[in-house]
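Undergrad: Between the sequences and the hints, there should be enough to build the whole structure, so can you do that?
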Amino acid sequence: MVGTVTISIEIELGWGMHDLETFSHLSRDRAAEERVLSDLLQACRRNGIQVTFDVVGHLLEESCDGVHPGPYPTGWWKNDPGTSRREHPLFYAPDLVEKIRSDSIDHEICTHTYSHVLADEVSDKTLNRDLTAARAAHEEQGLPSPESIVMPRHREVDYSILSDHGIDVIRTPIKKYNPEIKNPFQKYWWIATRNHPPCEIRLSQGLLETTCTPHPSLSSTILPSGQRRPSPYFRLLPRPVRERLHRRYLRDAIGLAAEEDEHVHLWTHLHNIANDSQWRAIKPTLDDLGRCQEQGDAEILRMCDLREVVE
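Quick note: to get the numbering used here, add 4 to the position in the sequence shown (first position is 1).
Because the hints were derived from the structure by calculation, they are not lab data. None of the values given here were measured: they were computed from a predicted structure. Ideal Cβ positions, reconstructed from N, Cα and C, are used throughout, including at glycine.
Quick list of in silico lysine-lysine cross-link-like pairs, DSBU-like style, CA-CA up to 35 Å:
1) LYS191 - LYS179
2) LYS180 - LYS287
3) LYS179 - LYS129
4) LYS180 - LYS129
5) LYS180 - LYS191
6) LYS179 - LYS287
7) LYS191 - LYS287
8) LYS103 - LYS287
9) LYS82 - LYS129
The calculated label-pair distances, taken between Cβ atoms and stated as ranges, are:
10) GLY86 - LYS180: 40 to 48 Å
11) ARG49 - LYS191: 35 to 43 Å
12) GLN231 - ARG255: 21 to 29 Å
13) PRO202 - ARG248: 19 to 27 Å
14) ASN182 - PRO75: 28 to 36 Å
15) PRO85 - GLN231: 16 to 24 Å
16) LYS82 - LYS191: 33 to 41 Å
TA: Structure below.
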């Protein structure tokens with residue numbers, strides 16, 4: 005059996021950090037995110053690559069009044085503008101999802117919950133309400149009910165609740181991934197030069213798990229993340245050097261699948277890659293991956309396709 009590569013990209017925009025009231029990593033009118041999504045879809049078309057997009061359900065709304073009944077924590081919706089896509093495009097993005105759905109490549113649109121709820125900080129009743137809202141948003145947009153999920157911030161969740169909502173596949177982080185490095189300079193050097201580990205596809209409590217690094221891996225921590233600069237420690241290295249390091253990291257990750265028949269799950273947020281530095285490393289990687297698939301050295305599978313690997 006050849007190795008497999010899964011790419012999943014979180015689309016959360018303003019909802020990703022709304023509980024922390026942090027938005028500086030995003031472009032104000034999401035122009036940068038729209039641009040990189042177009043570039044990404046074009047590269048995927050060119051190379052025949054299918055991607056799983058895990059989307060916060062509220063982004064499927066064209067507008068809302070800011071009132072969302074349910075047992076949510078006090079203040080949970082305080083940053084919901086209660087307007088529309090035209091006024092606040094960071095909180096409403098059905099046009100981005102339509103761009104994905106209408107593409108000639110059959111990408112997966114799965115869920116990242118409706119409002120980016122943190123599963124281990126809310127009641128089961130709240131989580132059920134949020135997942136129900138996410139499924140309803142998919143239905144209203146004519147999308148299939150989501151079969152896969154990525155929990156916001158990879159928080160732990162009761163799998164039986166996910167099963168009740170028709171979820172079969174979940175992305176989950178590799179345990180005990182980070183080495184214990186106390187020296188900060190050594191830690192930063194490890195981050196800059198680390199290799200991507202093999203991932204797993206496994207059954208657990210009725211769901212299929214696809215493991216990944218705890219940190220985004222299609223994008224890099226040592227490069228600008230969206231509109232935010234990296235740590236000053238990383239900026240000690242010239243940007244072209246950091247871009248080459250990430251290019252090597254991605255090339256080696258693909259090598260795990262193409263040469264060692266491993267499973268590799270690359271992931272990021274859409275906003276992470278919305279700058280030229282990230283894209284300069286990712287674009288040739290997608291070309292490499294397309295060639296590997298064409299030559300039969302690796303298979304690219306969406307999250308919803310991974311059951312065929314274990315069945």
